[in-house]
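Participant: Given two chains presented individually in distinct reference frames, assemble the corresponding complex, making use of the accompanying hints.
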Amino acid sequence: MQQNIMENFSELATVLDGKLLRIEEIPFKSTMIELLLSKKLLDTKPAITKTLLTTTCKRCGNKDNRYFAEIPCKKCSRTHLYCRKCIEMGRVMECESLYYWIGPPAIWPTHQNPSSWEGTLTTAQEKAANRIKTAIINQEKEILVWAVCGAGKTEMLFPGISKALERGMRVCLATPRADVVRELKPRLLQAFEGVSIQALYGGNEDKGKDAQFVIATTHQLLRYQSAFDVMIVDEVDAFPFHADPSLPFAQKRAAKQNGTTIYLTATPRQNLKKAINRKKLPHVFVPVRYHGHPLPIPTLKMCYSLQKDLAASRAPSRFLPWLLKRTNPERQLLIFVPTIDLVNRLKTPLLDLFIAHRLINNETELDAVHASDEKREEKVMAFRQKKLKVILTTTILERGVTFPSVDVAIFHAGHDVFDEAALVQIAGRAGRNANDPNGEVVFFHDGKTEAMLEAIYQIKQMNKRGGF
Amino acid sequence: MNCLWCMEDRNNNLGWSDFFILNKQNGFCESCLSGLQQLSGKRCSLCSRMTEFEQCSDCEWWRNQFKSDPLEYNYSVFQYNSFIQEIIAKWKYRGDYVLGEVFRPYVYAAFIEKFTTQKKNLIAVPIPLSEERITERGFNQAEMLAGFLPIRQELLLQRVDGEKQSKKSRKDRITTKNPFSLEKMVKNPVLLVDDIYTTGTTLRHAARLLIESGCPEVYALTLIRG
Ligand SMILES: [Zn+2]
Ligand SMILES: [Zn+2]
Ligand SMILES: [Zn+2]
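Top to bottom, those sequences are chains A and B. Per my numbering: the first sequence = residues 2 to 469. Per my numbering: the second sequence = residues 36 to 261.
Take these hints with a grain of salt, some might be off.
Claimed, not checked - 27 Å max Cα-Cα, derived BS3-like pairs, lysine-lysine:
#	chain 1	residue 1	chain 2	residue 2
1	A	K76	B	K219
2	B	K125	A	K59
3	A	K376	B	K125
4	A	K326	A	K376
5	A	K51	B	K219
6	A	K281	A	K253
7	B	K149	A	K75
8	B	K155	A	K75
9	B	K125	A	K64
10	A	K275	A	K51
11	A	K388	A	K376
12	A	K76	A	K134
13	A	K76	B	K125
14	A	K186	A	K40
15	B	K102	A	K20
Stated by the list, open to error - One-sided excerpt, in silico: chain B residues whose CB lies under 8 Å from chain A:
#	residue
16	N37
17	R129
18	Y132
19	I169
20	T170
21	F174
These are computed hints drawn from the structure, not numbers from a lab. We treat Cβ as the ideally placed atom computed from N, Cα and C, and that holds for glycine.
Chain B with its partners taken away, still in its complex shape (with noise of 0.2 Å):
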């Protein structure tokens, strides 16, 4: 069995004691996982970022700015790092769908950690993307990670426009209309789920068209705290 990152095979170093782990398929070796930071010790209640304060100054700007928050929280699993990223750059943009494979028992961790409790018909929500994205990929990485989760997936929402988000300021893009429509109403609380949360907004654009339609919360997933 070869790690899905270096392909070196995993079996060489290993003795029988840790028969049990070859049992986890497509992984990577013990030396390529060393490279994922998983996030750790304090962290804001809202986004998850690290932080000593209860709540982070990005999350204490948002309170600010606009009164009601649709998102109840965001929680997050790994640090961005250059590993993080070399390996997110290859399985969403070079379409190694494979690779997110890896991620798998982390997100199915982080779901039992923090959303078991919340209340049992909780569904999951991949934030979408564009028509032009998925033929260029031809899958969608929230997809896959809504997949790792213990309940049902569906996919309400779409994006309206493609223009490239990552193109404008903060300002922007917290201030422009929408990006999403959604399919149908929900009465079930909803946990949306995407690989990155960078500022928060795309989440919070999501959610406030889920909570106007009548979703009573809406909580998020992501694998990544930007």
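Isolated chain A, as found in the complex (with noise of 0.2 Å):
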């Protein structure tokens, strides 16, 4: 048995090519693991190391002291260093190393017709899709798609994933959210049929074979070294990505040293729009939605008595004036509260509300979600199926998740955690639909801020460059 492995050299290889693992990690037996280090197909490299200044951690980079502590190893009988930065994907110590694979490469096949997928691409996406192909067909080192929310950024990205498949080359898309991996998970299976595909995000690791395409949230990156011929970035601007040095990180190791990298976002951050000014990096702009219509523009709407009313846990004044007029009340509806406390606080003085107006018919049709809720899946699904009229929600729904035709409502749009970026793709999750392309989004505040401001000029300035 162990000898019919030895010698199918490639099933290894698709295995453990472009990864670096803890020992736990490694699907195979102890014995086996022994034979691959003797063999010189194994190697290893110590999983933290430590010089006069600095001590590092060699799976997620971390150089902080902050985030290294001791312990008293029971399995070497020493005190010594771990890492709390990366402990969620698994502890890794100063007496442990890392493994990774010298063997000869993985093989990954090629495929005549990779894509499955009979939609068509509009002019705007298209430009955009073929810039993405050339980047990977030339090897291109990195390229920033800078495309608004509706764009279809996915869809853009497909003839450059069919043309790296039908090379043979191994694809990542990785995303901040593990919504969205799931989300994308079925989408892509459909577009490529006959292309292993395999989706990874915490604790829900696709246990299957190791696959050529794969999806995964940006954190899974940290068990993979010189993989990815193309790795796809998506919403480089979103929180953790942006804030948590070791993503980028891992990011950069995964992909192959002379792999393509494809930035996805729709609000870049400062330095990003630094180096695309400097032309540090080169760039495409997808400014039309891709049903061709405008991006909706944020109202603002002033409520003098905004903190008195949320403290007492009321809707804004404002709020049911707009609410009884909409233009559009079929539409669902999605709040945003800064808050989680505000999301526990509101649900029910709202419940009551919307009764008393009738503007639901009982009280199953409006819920609160937000990040800790066990049963967020469910609520976005309900939502979605549209078993829920009105749903209040944090920050966490701002983005990735797509939903045919609502009107957005920002309770406290001055709160910080509201910043540019939030605000323009919360703004972006109105008019998402050919049949409905146009949502109202009104921001309640107390007071303008720098950011609301931004987000209203940024939006009105992607419409000039889409040519409304």
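Facilitator: In structure tokens:
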């Protein structure tokens, strides 16, 4: 048995090549691992290294001393360091090693016609798709795709991904949110029927075979090194990707040396905008939504008693008058609030309000959701299936999730959590469907902030560039 | 200095008057600390559970079922809530050893409050983990807790089998044979230390073994009353 596996290098390579693993993560018995090490197919490096001045976790790149702690280790009977930064992915300790493949590289299949997608691209999408394809063919190092919310960025990737799969390349699509991985998996399975696809996200790792096309949360990339010819990074501006240095580190390491990285964003942060302006980062801009209609522009509603109303668990004073005069009362409604506390406190008062004005027929049509809500997936699904008419949420639904026909309200749009990017993203939830491209977006606030004005300016700017 | 849990800088909101707080190494920020609920008010004198009665219904059941109780009493520090559950999960199962430090002052204070009046030669005995768990986690959380106490710690107990106790029903757990073995005899009174008191069965198995081999009295100090 063992001999057979040894003879079949290519099968081993597809499992181990491109990975950087703790010993517990290697799906073989210890005798097999010993054999691979002795045959120079597998090599190791220390998981944590120390020099005079710096300690480094070789798994997540952490050099910040605050994220190292000591443990009196029973495995080696010494007290030594472990990394707290990447502990959610399984703890790495100073007495441990990381394992990686040094045998012949994995060979992935070349596909004749990998794409089973039957849709068509708009002119704007096609232009971006071609640019992405060229970048992959020429093995350009990196390119930024700046596409407005609702531009249809996933479809724009299909021609480039197809080209890569035709050439037997390995592809990764990484995104900061597990929700998005779950949503993308069925779409990509449908678009690339004959291709092996694997979805990886916290707790729910696709234990199936290692695939040529990997969809993963950015955290999962900590287990890869020099694995992907094409690395697509979705929502580069999103939390935690922009805030946690170990994620860009993992993403860069997971790409092959001569691989191509494609960054996607609707709301690039200052550093990327600067890189574009200085022509240090090639980019392609997609200012038009796939349905060809402009982005809805947010309306500002000043509410002097906003703080008082929220403290008393009431909707802002101008919310109800707006609610009763919506242009299309059939639309579902997304209400964003800045904190989990407000989500919890406002649910019942809002239920009462909606029922009193016969805007919903019964209590089951309104629900609230936040990040640590165990029923989050169910609730989002219920909203998508229109079982829910109204959903009250924190910023967790600001991006990644798409609903066809919604109006959007933000209570206390001036709060710190609603930065420019968040506001643009939230506004981008409206008008996503060709049948109803004009959702209303209302910011209820008690004083305009820089972020609010900048977000509206950006949206208008994009519409202008889109020819509206 | 950063909070061990939320990693926010604890210095941010502190004035000079709070300076002494910073000397407490390895702590949580005030806001995270407030998520921990200490047991308070009237508690069962035998198991520390919050109750209006001198003894809770669980302990009464024990008394009726078995005439003699090998455990004098248990004392716990915290109530079970979802926050402490999260901390325990990261500390124990993820193996984030240093998180346990947050419990040090509480465990120490509980000992001073409840056990210093006991005989001077009390020794702390942590509830052991199976070999398998030890290699998985690299440390035993009960040993860490016992290390916070101002008394000698001895690793007197060993696990006999690694079978998961939690999979059995309560009745099963009580009637199955003792999961521990004793390394050597003890003549000192013993304070058993563990992270959670749920039904008390585990602690009583250990206590019975100790008493049968000549230990005069057995007490328990646990972090959480589940
Ligand atoms: Zn690390
Ligand atoms: Zn060690
Ligand atoms: Zn009791």
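Participant: Given the hinted pair K326 (chain A) and K376 (chain A), is their Cα-Cα distance within 27 Å?
Facilitator: violated (32 Å)
Participant: Holds or violated: K155 (chain B) and K75 (chain A), Cα atoms, limit 27 Å.
Facilitator: Answer violated: K155 (chain B) to K75 (chain A) is near 30 Å, above 27 Å.
Participant: Mind checking the alpha carbons of K51 (chain A) and K219 (chain B) for me, to see if they're no more than 27 Å apart?
Facilitator: violated (42 Å)
Participant: Does K125 (chain B) lie within 27 Å of K376 (chain A) when you go C-alpha to C-alpha?
Facilitator: Distance of about 22 Å is within 27 Å: holds.
Participant: If you draw a straight line from the CA of K76 (chain A) to the CA of K125 (chain B), is it 27 Å or shorter?
Facilitator: holds (19 Å)
Participant: Does the CB of N37 (chain B) sit less than 8 Å away from some CB of chain A?
Facilitator: holds (5 Å)
Participant: At a threshold of 8 Å, is the proposed contact between T170 (chain B) and chain A supported by beta-carbon distances?
Facilitator: holds (6 Å)
Participant: Given the proposed pairing of K149 (chain B) with K75 (chain A), does the C-alpha separation stay at or below 27 Å?
Facilitator: Distance of about 31 Å is beyond 27 Å: violated.
Participant: Does K388 (chain A) pair with K376 (chain A) here, judged by a C-alpha cut-off of 27 Å?
Facilitator: It holds: about 15 Å lies between the C-alpha atoms, which stays within 27 Å.
Participant: Interface hint check: Y132 (chain B), Cβ to nearest Cβ on chain A, cutoff 8 Å. Holds or violated?
Facilitator: The hint holds - Y132 (chain B) has a Cβ within 8 Å of chain A, the shortest such distance being about 4 Å.
Participant: Close enough to count: is the Cβ of R129 (chain B) nearer than 8 Å to one in chain A?
Facilitator: Interface hint status for R129 (chain B): holds (5 Å vs cutoff 8 Å).
Participant: Is the hint on I169 (chain B) kept, meaning its closest Cβ partner in chain A is under 8 Å away?
Facilitator: Holds. Min distance 5 Å.
Hint violations for this structure: numbers 4, 5, 7, 8, 10, 12, 14, 15, all remaining hints satisfied.
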